[in-house]
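Here the protein sequences line up with chains A and B, keeping their order. The first sequence begins at 1 in this note's numbering and counts up by one. The second sequence begins at 1 in this note's numbering and counts up by one.
Some hints here could point you the wrong way.
[To be verified] Chain B stretches covered by chain A per the calculated footprint, using a threshold of three residues with CB under 8 Å from any CB of chain A:
hint	region
1	29-43
2	54-60
3	90-98
4	102-109
No lab work stands behind these hints, which were simulated from the structure alone. Just so it is clear, CB atoms sit at the ideal spot from N, CA and C, and this is done for glycine as well.
What follows is each chain in one-letter form.
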Amino acid sequence: AQTVTQSQPEMSVQEAETVTLSCTYDTSESDYYLFWYKQPPSRQMILVIRQEAYKQQNATENRFSVNFQKAAKSFSLKISDSQLGDAAMYFCAYASNYQLIWGAGTKLIIKP
Amino acid sequence: KAGVTQTPRYLIKTRGQQVTLSCSPISGHRSVSWYQQTPGQGLQFLFEYFSETQRNKGNFPGRFSGRQFSNSRSEMNVSTLELGDSALYLCASSLTAGLANYGYTFGSGTRLTVV
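Given only the sequences and the hints, what does the whole structure look like? Please build it.
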């Protein structure tokens with residue numbers, strides 16, 4: 001069975017600086033999809049970035065980028081130029097056919 | 001276009017009662033998935049509905065059930081509520097079934113508190 005681990009329950013960063021959130025996963029599949037979702041206090045889960053395992057190139061969405069290390073089964077999220085609106089819970093997720101397998105989440109605090 | 005709408009946003013129920021939560025997907029989306037979010041267990045898959053049929057089910061007891069209507073709106077029902085059912089219930093919609101690979105669009109959830 002697939003598992004997703006986020007070892008950082010909480011992270012803080014100064015506004016405008018860069019922060020990296022860690023995620024590791026375990027799977028025996030060779031082709032799969034990984035995600036980072038953001039959950040602000042509004043509770044809605046918002047898709048931040050998606051990575052296809054067979055693609056070597058790391059996904060990027062504006063200030064958000066990932067460092068995908070397939071052999072190490074690592075999938076970290078880098079947020080550049082952090083903004084107050086980035087404060088939220090961040091969840092790493094693995095797509096297993098019809099469902100998402102989730103990590104426990106990392107609470108990101110932005111210091112003004 | 002309108003997003004995923006979940007009602008109600010908050011609900012307080014007594015142990016032993018039953019509850020029904022509603023989810024209206026994005027217009028044109030025909031698949032609805034439900035997830036339970038608790039501090040202890042995190043996010044867990046409940047079930048997925050497509051074309052009024054349950055396509056997949058997570059590891060939850062039979063007290064948790066759902067259905068989907070012809071307009072793609074979905075309801076989930078929890079009978080004989082237990083304190084441990086207190087959670088945020090999130091609904092996610094997608095164009096068709098089995099599209100977890102492409103990422104869902106989520107609603108803002110229903111916060112259920114069982115007392």
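For each hint, the structure was consulted:
1. Counting residues of the region 29-43 of chain B whose beta carbon lies closer than 8 Å to any beta carbon of chain A gives 4, which meets the minimum of three for the stated coverage.
2. Check result for the region 54-60 of chain B against chain A: holds, 3 residues qualifying (beta carbon to beta carbon below 8 Å, three or more required).
3. Counting residues of the region 90-98 of chain B whose CB lies closer than 8 Å to any CB of chain A gives 4, which reaches the minimum of 3, so the coverage claim holds.
4. Residues of the region 102-109 of chain B with a Cβ under 8 Å from some Cβ of chain A number 8, which satisfies the need for three, so the listed coverage holds.
Going down the numbered hints, you'll see the structure goes against none, and every one checks out.
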